[in-house]
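Asker: The residues making up each chain are set out below.
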Amino acid sequence: MERIYFNNCLTSKPAPEVVKITTEYMKNKYYFPENFNAMGTEASDNLERAIKIIADSMGANSKEVHFTSGGTAANNLAIKGYLTANSNKGTHIICSVIDYPDILTNAAFFEKSGFEVTYLQADNEGFIDLVQLKNSIREDTILFMTTLGNHTVGTIQPIKEIREILDNSEHKIAMHVDACEAYARIPINVNELGIDLMSISAHKIHGPQGIGALYQRKGITLGQVQHGVNRMDNLQTGGMNIASIAGFAKAVELAFNNFEENMAKIRKLSDYLLNKIESTIPDTLLNGPRGVKRTPHNINISFDYIEGEAIMMMMDIVGVSISTGSACASQGLKPNYVLMALGRSHEQSHSSMKFTFSRYNTIEEIDYTVEKLAEVVKELRSRSPLYN
Amino acid sequence: MQYSQKVLDHFMKPHNIGKLENPDAEATEGSPACGDQISITLKIDPKTNIIDDIKFQSYGCASNIATGSIITDMAMGKTIDEAKNISWKGAADALDGLPPVKMHCSVLAVDTLKKAIKQYEIEHGLAEKESFSKDTIVEELKKIIYPGVGEDIVTLKMVKYVGFENGVAIIDVDIPKFDKYRDNVAEEIKEHLEAFEEIKEAKVTI
Numbered sequence: 458m459e460r461i462y463f464n465n466c467l468t469s470k471p472a473p474e475v476v477k478i479t480t481e482y483m484k485n486k487y488y489f490p491e492n493f494n495a496m497g498t499e500a501s502d503n504l505e506r507a508i509k510i511i512a513d514s515m516g517a518n519s520k521e522v523h524f525t526s527g528g529t530a531a532n533n534l535a536i537k538g539y540l541t542a543n544s545n546k547g548t549h550i551i552c553s554v555i556d557y558p559d560i561l562t563n564a565a566f567f568e569k570s571g572f573e574v575t576y577l578q579a580d581n582e583g584f585i586d587l588v589q590l591k592n593s594i595r596e597d598t599i600l601f602m603t604t605l606g607n608h609t610v611g612t613i614q615p616i617k618e619i620r621e622i623l624d625n626s627e628h629k630i631a632m633h634v635d636a637c638e639a640y641a642r643i644p645i646n647v648n649e650l651g652i653d654l655m656s657i658s659a660h661k662i663h664g665p666q667g668i669g670a671l672y673q674r675k676g677i678t679l680g681q682v683q684h685g686v687n688r689m690d691n692l693q694t695g696g697m698n699i700a701s702i703a704g705f706a707k708a709v710e711l712a713f714n715n716f717e718e719n720m721a722k723i724r725k726l727s728d729y730l731l732n733k734i735e736s737t738i739p740d741t742l743l744n745g746p747r748g749v750k751r752t753p754h755n756i757n758i759s760f761d762y763i764e765g766e767a768i769m770m771m772m773d774i775v776g777v778s779i780s781t782g783s784a785c786a787s788q789g790l791k792p793n794y795v796l797m798a799l800g801r802s803h804e805q806s807h808s809s810m811k812f813t814f815s816r817y818n819t820i821e822e823i824d825y826t827v828e829k830l831a832e833v834v835k836e837l838r839s840r841s842p843l844y845n
Numbered sequence: 141m142q143y144s145q146k147v148l149d150h151f152m153k154p155h156n157i158g159k160l161e162n163p164d165a166e167a168t169e170g171s172p173a174c175g176d177q178i179s180i181t182l183k184i185d186p187k188t189n190i191i192d193d194i195k196f197q198s199y200g201c202a203s204n205i206a207t208g209s210i211i212t213d214m215a216m217g218k219t220i221d222e223a224k225n226i227s228w229k230g231a232a233d234a235l236d237g238l239p240p241v242k243m244h245c246s247v248l249a250v251d252t253l254k255k256a257i258k259q260y261e262i263e264h265g266l267a268e269k270e271s272f273s274k275d276t277i278v279e280e281l282k283k284i285i286y287p288g289v290g291e292d293i294v295t296l297k298m299v300k301y302v303g304f305e306n307g308v309a310i311i312d313v314d315i316p317k318f319d320k321y322r323d324n325v326a327e328e329i330k331e332h333l334e335a336f337e338e339i340k341e342a343k344v345t346i
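In the order they appear, the protein sequences are chains A and B. Positions 458 to 845 (the working numbering) are the ones given, in order, by the first sequence. Positions 141 to 346 (the working numbering) are the ones given, in order, by the second sequence.
Incorrect hints may appear among the rest.
[Stated by the list, open to error] Calculated pairs, BS3-like style, for lysine-lysine (alpha carbon to alpha carbon, straight line, at most 27 Å):
id, chain 1, residue 1, chain 2, residue 2
1, A, 791, B, 297
2, B, 320, A, 569
3, A, 675, A, 617
4, A, 835, B, 146
5, B, 320, A, 791
6, A, 835, B, 159
Worth flagging that the hints you see were computed from the coordinates, not collected in a lab.
Isolated chain B, as found in the complex:
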């Protein structure tokens, strides 16, 4: 599958590029080592909780830049509750689709936006910090896309077992032996889970 014209348009002329001074909320997700990183800054009206302004910066490929552009368009002028409902599938649809191997870009962009909003809610007493549990791990695994299909590994029923005890997360994933994305998925699970301060080690068995 190729990039849609809409992806190319947003890639070549992205909307809302930059960094807001004194933002009310901000988040950075991904890492240069992984090849994509996105930073989002927001201005939020404290009375209405409407996103007055939003900007993003991107280190990443064409679809990373295009998804940053589309989700900032989608969030602009919305309340934070509305913006929280933007899904990675919705963002990909708004770009007339993404190749399956690029779906993770949409997940990263949407996740960054949600992290920024969550931070804002906690700081303004609108939400409490969620307690960490096995469900948190499952939710995090839903952000990991199997690049061959462009769907997350939980929905695809690739996750066979999730365990969490004494700071160690144990994940059992079912991926065929000669699958070219096998190592990639395993690495991504480790990276995602070990970013939690509650998790000392993530053991992934395939």
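Here chain A stands alone, though its shape is the one from the complex:
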């Protein structure tokens, strides 16, 4: 049997159409849009088409989209670029304790360089504290950052409400969102939501690895982060990843051509899994909100009395890839910080399992997974001193 893959939030399988077009570009269309010769002109046309597909998908203008080497590079360009170019207006920034590491590590970096950071708390479903946000805004606040769809529990932050709060201030506060999880999974229109900077990543939506993009609203100034030869503009220096850009655009096209259908399918898979787990396995706890307030592809659930790495390993042996928030499976041997910030206990964090779906998953895969999961949970509980 083919391996069942529920780690789409880590990275997702490139779509066959993406592999095809990327290969074709690597073979025959590798040229840079450098000059007006035949190859250069063709490359330039293709690049413009790719940018337009991505810009259209979020309601942006092509000039507002920059390619980066991935989501993390886009987050760095947004945060470092904005703060270095605007520090004369203020040195206070706001994010939350449950943000993606890209935001938190950049915040910590700027804190060391003299900026002040307010880390908002989140409630037990992962929504950031908007009252605290209102009270944290100061005259020198210049940037608010958030993770649009939380990478651990899928919570969708209320961006419109946040924008209104930021706009109530007497000065401009820019909003940067890390949308790597939410993009192509929930509708995002940067103008309707009032987003100023937004990072997205191709490999989480069946595109190639090593390519992402940053949306930069017209009028938002970014300082240069990587100096070097200027091929596109001074924010995208160096050589271009032409083949991956083509693959990225194809992945976006595929996701948005049948957007509602794809999302309804994925939402159905998530609901089906959650329902089936809750009706067959006792003593479980959903992490994050229920229903439409979470990204459709994410289910995060804790299993009492047992530890997540053991669940993960046993499921791996029967051919199912899922991930865990357990300290035992983490790089620094720490329980998942998002779950801890949501008020979960160490045990609930250690026993949390994350399933992230894609349009390639099926109901049959979930039937098999829950059947095996029920056996694994029963077996591990029978070995646990906490259960007996």
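Using the hints, position chain B against chain A.
Answerer: Then chain B, alone, in the frame of chain A:
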């Protein structure tokens, strides 16, 4: 490094799982908060001091379960003196090795077995309760594994100073500033030492 086939075998089909009724010795170490806990129960023949039966229960990861399985195999049928000599390195070797970041599982399993035996010896007049001293602290620090290498922090010469006065233990450890296990090691030292009733507070400086 990946798990060896032997680790996976013991994880999937562990030996000696369960809890003995009316055990002659028992111990539980670790905590659910830390992500691993192991309970061991033993039946010991009072005439020969041979371990007639041994069982374990585990809340923990694959290597926690595998080390529980291997050390109970190693101790079964041995005298308590022989069982006391099982080392965490020996247990890891018997599993064809463990990833460095998982070595602490072996330490926990072996420590639990030794605690159970020690308790039995004290109850049966075979040993006396050891008096607490600075050496006790050093011995305890030898149970703390630096996950980057899979060796204990004393052997690795990471412990620069050990002090004990008026119930306060002062430990100075040398770990580079950006080491990802820095906080983890410091927390573990505190947890280990503050479990002693003689220690009111453990101060760890890095």
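Asker: If a hint holds in the structure, say so; if it does not, say that too.
Answerer: Hints, verified against the model:
1. A:791 with B:297: holds (24 Å)
2. B:320 with A:569: holds (18 Å)
3. A:675 with A:617: Distance ~19 Å between residue 675 of chain A and residue 617 of chain A Cα, so the pair holds.
4. A:835 with B:146: Holds, at roughly 23 Å.
5. B:320 with A:791: holds (10 Å)
6. A:835 with B:159: Distance ~17 Å between residue 835 of chain A and residue 159 of chain B Cα, so the pair holds.
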